[in-house]
Amino acid sequence: MPYEAVIGLEVHVQIKTRSKIFTRVAAGYGQPENTLTDPVVLALPGSLPVMNKAALDAIIKAGLLLGCEIAPVCKWDRKNYFYPDSPKNYQISQYDQPICLGGHVEIELPGPARNVMGEHKRIPLTRIHLEEDVGKLNHFATDSLVDYNRAGTPLMEIVSEPALHTAEEAFAYLTSLRATMIYGGISDCDMEKGQLRCDANISIRPVGAATLGTKVELKNLNSISYVRDGIAHEIKRQLGVLERGGTIVQETRDYDGLTGTSQSLRSKEMAHDYRYFPDPDLMPVQVDEGWKQRLRAECPELPFDKQRRFLEQYQLPYTLTSVLVWDRALADYFEAAVASADTSQAQAVGNWIVNDLLRELGSAKLQLAETKVKPAQLAALVKLVESGTLRTNTAKEVFVEMFASGEAPDAIATRRGLNSAPTDAGELEQWCRDAIAGNPKALAEFNAGKDSAINAFKGPVMKAAKGKADPKLVDATLRRLLATM
Amino acid sequence: MSELVFQTITELSGRLATGEISSAELTRTFIARTKSLDQRVHAFNSFDAGDALAQAVASDERRAAGQSRGPLDGIPVGLKDVIAVTGQPLTASSRMLANFVSPYDATVTARLKQAGAVLWGRLNCDEFAMGSSTENSAFGPAANPWDLARVPGGSSGGSAAAVAAGEAVATLGSDTGGSIRQPAALCGVVGLKPTYGLVSRYGLVAFASSLDQIGPMTRTVEDAAIMLGAIAGHDENDSTSYRSQIPDYRAELKRRPGPWRIGLPREYFGEGLDPEIGAAVEQAVAFYRAQGCEVKPVSLPHTPYCLDTYYIIATAEASSNLARFDGVRYGHRSKDAKDAVDLYFKSRSEGFGPEVKRRIILGTYVLSSGYYDAFYLRAQKVRTLIRRDFLKAYEEVDALLTPTSPVPAFKLGEKSDPLALYLCDIYTIGVNLAGLPAISVPCGFTRAGLPIGLQLIGQPFQEADLLALAHVYERAHDWCRRRPAFAAVASSG
Numbered sequence: 001m002p003y004e005a006v007i008g009l010e011v012h013v014q015i016k017t018r019s020k021i022f023t024r025v026a027a028g029y030g031q032p033e034n035t036l037t038d039p040v041v042l043a044l045p046g047s048l049p050v051m052n053k054a055a056l057d058a059i060i061k062a063g064l065l066l067g068c069e070i071a072p073v074c075k076w077d078r079k080n081y082f083y084p085d086s087p088k089n090y091q092i093s094q095y096d097q098p099i100c101l102g103g104h105v106e107i108e109l110p111g112p113a114r115n116v117m118g119e120h121k122r123i124p125l126t127r128i129h130l131e132e133d134v135g136k137l138n139h140f141a142t143d144s145l146v147d148y149n150r151a152g153t154p155l156m157e158i159v160s161e162p163a164l165h166t167a168e169e170a171f172a173y174l175t176s177l178r179a180t181m182i183y184g185g186i187s188d189c190d191m192e193k194g195q196l197r198c199d200a201n202i203s204i205r206p207v208g209a210a211t212l213g214t215k216v217e218l219k220n221l222n223s224i225s226y227v228r229d230g231i232a233h234e235i236k237r238q239l240g241v242l243e244r245g246g247t248i249v250q251e252t253r254d255y256d257g258l259t260g261t262s263q264s265l266r267s268k269e270m271a272h273d274y275r276y277f278p279d280p281d282l283m284p285v286q287v288d289e290g291w292k293q294r295l296r297a298e299c300p301e302l303p304f305d306k307q308r309r310f311l312e313q314y315q316l317p318y319t320l321t322s323v324l325v326w327d328r329a330l331a332d333y334f335e336a337a338v339a340s341a342d343t344s345q346a347q348a349v350g351n352w353i354v355n356d357l358l359r360e361l362g363s364a365k366l367q368l369a370e371t372k373v374k375p376a377q378l379a380a381l382v383k384l385v386e387s388g389t390l391r392t393n394t395a396k397e398v399f400v401e402m403f404a405s406g407e408a409p410d411a412i413a414t415r416r417g418l419n420s421a422p423t424d425a426g427e428l429e430q431w432c433r434d435a436i437a438g439n440p441k442a443l444a445e446f447n448a449g450k451d452s453a454i455n456a457f458k459g460p461v462m463k464a465a466k467g468k469a470d471p472k473l474v475d476a477t478l479r480r481l482l483a484t485m
Numbered sequence: 486m487s488e489l490v491f492q493t494i495t496e497l498s499g500r501l502a503t504g505e506i507s508s509a510e511l512t513r514t515f516i517a518r519t520k521s522l523d524q525r526v527h528a529f530n531s532f533d534a535g536d537a538l539a540q541a542v543a544s545d546e547r548r549a550a551g552q553s554r555g556p557l558d559g560i561p562v563g564l565k566d567v568i569a570v571t572g573q574p575l576t577a578s579s580r581m582l583a584n585f586v587s588p589y590d591a592t593v594t595a596r597l598k599q600a601g602a603v604l605w606g607r608l609n610c611d612e613f614a615m616g617s618s619t620e621n622s623a624f625g626p627a628a629n630p631w632d633l634a635r636v637p638g639g640s641s642g643g644s645a646a647a648v649a650a651g652e653a654v655a656t657l658g659s660d661t662g663g664s665i666r667q668p669a670a671l672c673g674v675v676g677l678k679p680t681y682g683l684v685s686r687y688g689l690v691a692f693a694s695s696l697d698q699i700g701p702m703t704r705t706v707e708d709a710a711i712m713l714g715a716i717a718g719h720d721e722n723d724s725t726s727y728r729s730q731i732p733d734y735r736a737e738l739k740r741r742p743g744p745w746r747i748g749l750p751r752e753y754f755g756e757g758l759d760p761e762i763g764a765a766v767e768q769a770v771a772f773y774r775a776q777g778c779e780v781k782p783v784s785l786p787h788t789p790y791c792l793d794t795y796y797i798i799a800t801a802e803a804s805s806n807l808a809r810f811d812g813v814r815y816g817h818r819s820k821d822a823k824d825a826v827d828l829y830f831k832s833r834s835e836g837f838g839p840e841v842k843r844r845i846i847l848g849t850y851v852l853s854s855g856y857y858d859a860f861y862l863r864a865q866k867v868r869t870l871i872r873r874d875f876l877k878a879y880e881e882v883d884a885l886l887t888p889t890s891p892v893p894a895f896k897l898g899e900k901s902d903p904l905a906l907y908l909c910d911i912y913t914i915g916v917n918l919a920g921l922p923a924i925s926v927p928c929g930f931t932r933a934g935l936p937i938g939l940q941l942i943g944q945p946f947q948e949a950d951l952l953a954l955a956h957v958y959e960r961a962h963d964w965c966r967r968r969p970a971f972a973a974v975a976s977s978g
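Residue numbers (the numbering used here), protein chains in the order written: chain A, 1 to 485; chain B, 486 to 978.
Just so you know, these hints were derived from the structure itself, not from any lab. Beta carbons: idealized from backbone N, C-alpha and C, even for Gly. Be a bit skeptical, because a hint or two may be false.
Here are the computed distance ranges between Cβ atoms for each label pair [stated by the list, open to error]:
# : chain 1 : residue 1 : chain 2 : residue 2 : range
1 : A       : Leu265    : B       : Tyr856    : 19 to 29 Å
2 : A       : Ala54     : B       : Glu488    : 54 to 64 Å
3 : A       : Gln263    : B       : Glu899    : 58 to 68 Å
4 : A       : Lys193    : B       : Thr571    : 55 to 65 Å
5 : B       : Ser729    : A       : Asp188    : 34 to 44 Å
The shape of chain B in the complex, shown without the other chains (with noise of 0.2 Å):
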């Protein structure tokens, strides 16, 4: 069975149609390999196994019923611990809320529950999805599947661990400044992070809501196609959610691919970009010459600018963001406070770590009196400014092509410098900026064997053309196919 864990939703949901499996057996055996494997990759925070497999019958009994919902019904699915259930833990992975229930639903949760998925587990991150390499963790740090002593990326790195582990089929994670993409390339998944409003966050631990939009990670861009299908669309908890139609993502990739312009932005191939990374993407681009795409370098002059923009936008709404938690209402309570300021001192300072901590600082800086228009107000045009790049960048090409991450998978506890930290999403952040769609594909292994990420950038609201690209690429390669030589000992010891 260790085969099956591997395997992509449109291979499973084959064989769940023909009986071969049941949804039962299927969710038994990822709750078996997570409780013999998930102590050393450390993906999830907390698993129900009882409500899991719940939903699991239920599924089949729909099946039996002649009324299963689709290609997810029955599919177990894991979710960021940033992202609410009804009756689960909701964590953030932080020790504020280690002990939260969510009392409702995100609405990605209740269409995922709509489409039959099995909502398996709560997936490891970085505290409040701050950070790139899940080592901001307050219960513990995820590790690579592809070598354990590395870390899968993040701020969705329980994610992207959990399918590169096949301890799920598929997963959701968060994107606020690459959480998604980079983890992804790091763990040699798919990871597509939508545009701007078109999946809603009604539900989704706010970090910086500008920026902030859930996204599926998955084995193939065909699964992602599903996946978004399921999650996408207006909703009117939502009031930044997109009115649009939303197409059949999955039936859309098997239309012809269009002339592809593809655009190399000059600011993504620069310094501090691993060379086997580079040349890796050089591979991609040679590929996409070869099926006649016209290839042609561009420029996002404000590229630059990107990392600072982002750390003052995003750290000032996360400042406030972050203020509700304050053991008045839920969430770690100081158990020594002697007044209501008292109160709000040592919850804090006891419930947050300290990554948490230098953000809230810095954005509460940005926003103070007297400095709101020096960061601030200037973050915001600087923003607008890196937006007009990407736009008039598409006045030429339909779709960019840079790297996901500048290295690969680096050794836990390796970058202890923030700054050096936060240089892992400088590829990644002027989409959230702009508010693009993006995903990141695997194209190959470093030669000491770590996945290298592809990402390409698309046009706002434009995911059907995104991942038909994407998916042409995939085809023509068999990297997903790959697995990590620690999970297939796992699997057979």
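Bound-form chain A, shown alone (with noise of 0.2 Å):
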């Protein structure tokens, strides 16, 4: 029997804020164990909350991204529960009334090859909710540990319907969620900092059955390899089980994704009680349509609607553009750097981009924002070579000098005088006769019909110029010529 396989996703974000979520203290990661408390991070006796309004901000900006419905009342939950790295036993969440409802991720599937396009799914979400993220414990041979610092860092709960069939949508889906955040400026997303964190439940059943199967909830997928490696793996596991004649049992599994295995964390019986009540410690809170405008006015073009837009706009490959348009940083440099040369250029400026800038940059170890090179240079230096001022090897070289110095192309060209000469029409053709001469054999077989022939003759020609000659000037004469022996 055929089966397909459900899936839904739960992914946490912490939300980029300088404070924490109820309490001024500095949120923040890698700082010295228990150093971003205070009496309420801590839970101390007669603490109490004060929401951060920066962290709403940034939920309703997620939302409106994603398309949600921003509910115009959301009230704080408290979900209880004992575990020592939670101070309060209690976490502020909400239960009810999630701030965000509906919306949708737009993923891109793998396509049918590198430089096409895949296809496009909007994958249904369920709600968006806000939280607090608890500590973090470390476990010793005899102790384990509390560092409170991660405690009270606003957290988004981001849950998608069960509306994902394959370990590769599942990874097309966090790697767009995951862009989306970043773009918004809401969360830098780093999974390796936890800012990242994402649960899957997957459940499979015979295709076109109309309920869903047993469903298993895989935890501690901590990178999007190990989501879509996790997912796959319990796909294979379920398909096992139900091969084997067994039955599928609810329960929680941890991934490990060095070993590639899972394991059973709890079952169902064991499941909590969260006992949920609204938080008498803080008020309910109205979103007006003023303060939704505000935002959106503040949302950035999404990764996809830029690159529809890059294609149409710029005529671009496919391939440059799911390059450029994932990094909102990048976009915007490519696009600063067009602006000051010309749409027509604009190929030219995103490979120079992709292909030198991005190069230089990882050898470098730097980020784009550190580059010296400004976009109207880069501008500069791609009108340098469309005019034929410089070579593409000289302009090469010219650009690791600008990335290393911030010098305008034009100034190292003319310091360096490697700007291809005034042509001297009578010089250059003496030089291609000079070249044709002294090559016989690739005389021979260029007029036996080996058209790469004519390069043996280039570089004499180059030499002779000191390097300056243009060489698509070189090339029409050495034509020219050979058409005439």
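Take each chain as given, in its own frame, and dock them per the hints.
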């Protein structure tokens, strides 16, 4: 019997705010243990939470970016459970009135080839709600210690409908969601720092069945690749159970990305009763039109929308857009450079960014924001190449120097005498004749129909020209002379 | 000097201003008196005499430099042991917090410090403010200064007894279902529960967050006005604190009281009311009538549901609020726990007393899956109806007048059945459920010499009116000038 998998993802995204969600103390990562604490974070007797408005702004913005309906009134609930990483032994969360309802994440599946756009889908969301992160337990031989630095970091839980069917789709979903959050300035989504965490609910059913199979929750999917591998593994495991005539048990499983295996954490019988009730320490929040509009104005164009526009407006090849649009700063850099050059040079600009700028940034281990090459300077370099003033190879050298010093390309070219020489047709023609005469073998090959043999003449010409001849003109001259021989 | 310890804030601040006494002298007097008396009253869980004296000296220095901060500067004020003071114990009268020292100030603490008050001692109460007799204190019950064999009421029993016994000029209590007003009534002092949201709860060990309010316990209504003025007002650390203009409550007392219309809720004068208390309250009604007030019966029809509603909401919130006491970060930690879960079970079993456990279990139950709608959600709806009862009554009257407690101070150990104790709060809990301000003022004594309290209930954030109404009564009577015999003997001996 053919089966299909049904997957729903619960993604936790830490919101990038200066202070924690319910108090003034700084939010952060990598600080000495228990330094980002105060009476509220440690849940000292008498301490009270006060909502951080920046966290609310961020989640509303996330909701707007993902097309959610923003609740006109939202409230805060206590989720009660005992665990040493939870200082109050309840988590302030949202139960029945989440701030964002509905919405979707647009995904792109792999295309038939690398340079061909794949199928796009909209994965519907159930809800997004706001809650607080918990601390971190560190286990030692005989003791466990708790670090509360992370406790109280604002956290969004983004819940998808059970509408994904393959590990590839889950991978694409997370990739798109992550880029959207980074685009919106909502989170850096660094999975190594726990800024984005994913749990997956997975079940399988006969293709065409109307009801869902028994679901298994998969936890600890600590990287986007682990999400893909873990889900693929779980689907295979469930298929195996059914093929052996077994039944799927509703449970929570822990995926180990290193070994590619999973083990049961707890079964449904041990599920918590969270005793949710409205938190009496916090007032409900009313989100009016003005508030939403102000945030809507701050919402950036999303990557897929940008990609469609780049394809249309700049006539870029798909592969180039798929590099440019996933990093908002890179896309902005591209558009700034094109604005300084010309739309017709957009592809050349894009190639320079993707091939040269990214390579140099990579080897220098720099971020885009740190480069000394301003978009206008890159545009100037492209113009020098397109006008024939700089040969491509020379331009690459100029670029390396621009990258190192931040100097303008024409200044570098002039100082180093790299500009192609004004063409002296008579002199060039003589160098060409000499080159042809000096290589009868290549001439014979060319005459026998081997077009690439022409390249054998170009080296001596360039040498004679001390590298300053325009390659296009050299090629044209050689062909004109060869045609008469 | 025995006279000194029974004086009001107003009187003492006058004496401090003229230089007749210093804050250091005043504070030393209270320290000495408390040292000699409190073994019998047990109003204090602890006190830090050195710290109090240092504050008093600082107050005297301010005064000498012409920088006195007003009527509370240099006045010893005691705080219930559920209100945080930096560097002082914060036990909530529980073994759970027996060794906990607060690293921060409650907002009311910071405001009293700003007003120059000498923060004096940690006052006994029922464990985590759960109780009506102070018998639930893990450190032993407090006694009623009017009869040491009787309870001072609760949960702010220590705060009431300290004022009644002359161990503090004024104190702060907290009131979740009557915990300021009932002990005030039983000890013959003034106790004010402000409107929910008027006084910040930041730094108050939470019992039931939607009901808790901090308020003053004093000898006189005027003193209550002074104390309220110091602690009231919006606090950015408490999301439930209300943004309102805080009037000069003391100055407002002197304005001519309006033509008051006073309502007598029928449901508050029924079965279970001690006849002597009923008679004393009738006298107060007669007084207001004689003042030209219109007094008429009103109905608060949902009153019979108050107790049930209260014990669902309060315990539900408490079960969650007290979850943080787990032995992990601070507080009592069991010595022989095997693992995290065992640590929770053992630490909480050892740290909490029986009444606290009873309420945590009840609260956990009413929030449980499958019971939430039937209990907690239903109770919240009834709570709305209870509040509407009051607001409807206020369409006809300006204030309500009731007894504070159905019974006077009872004997220690007399009410061993928890339900019998819960009934002590039947006249006070409706006010908390409705979020209203109410004050208890002394209105007489039983034949056995036990104080009787009159409760006046006001409209939201109209504490100025409520205090003025109480002040009119108090000025015409001398109940607040009476001293417990024990206290007089104690100070002469």
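Against the structure, the hints come out as follows:
no.	hint	result
1	A/Leu265 to B/Tyr856: 19 to 29 Å	28 Å, holds
2	A/Ala54 to B/Glu488: 54 to 64 Å	57 Å, holds
3	A/Gln263 to B/Glu899: 58 to 68 Å	59 Å, holds
4	A/Lys193 to B/Thr571: 55 to 65 Å	35 Å, violated
5	B/Ser729 to A/Asp188: 34 to 44 Å	41 Å, holds
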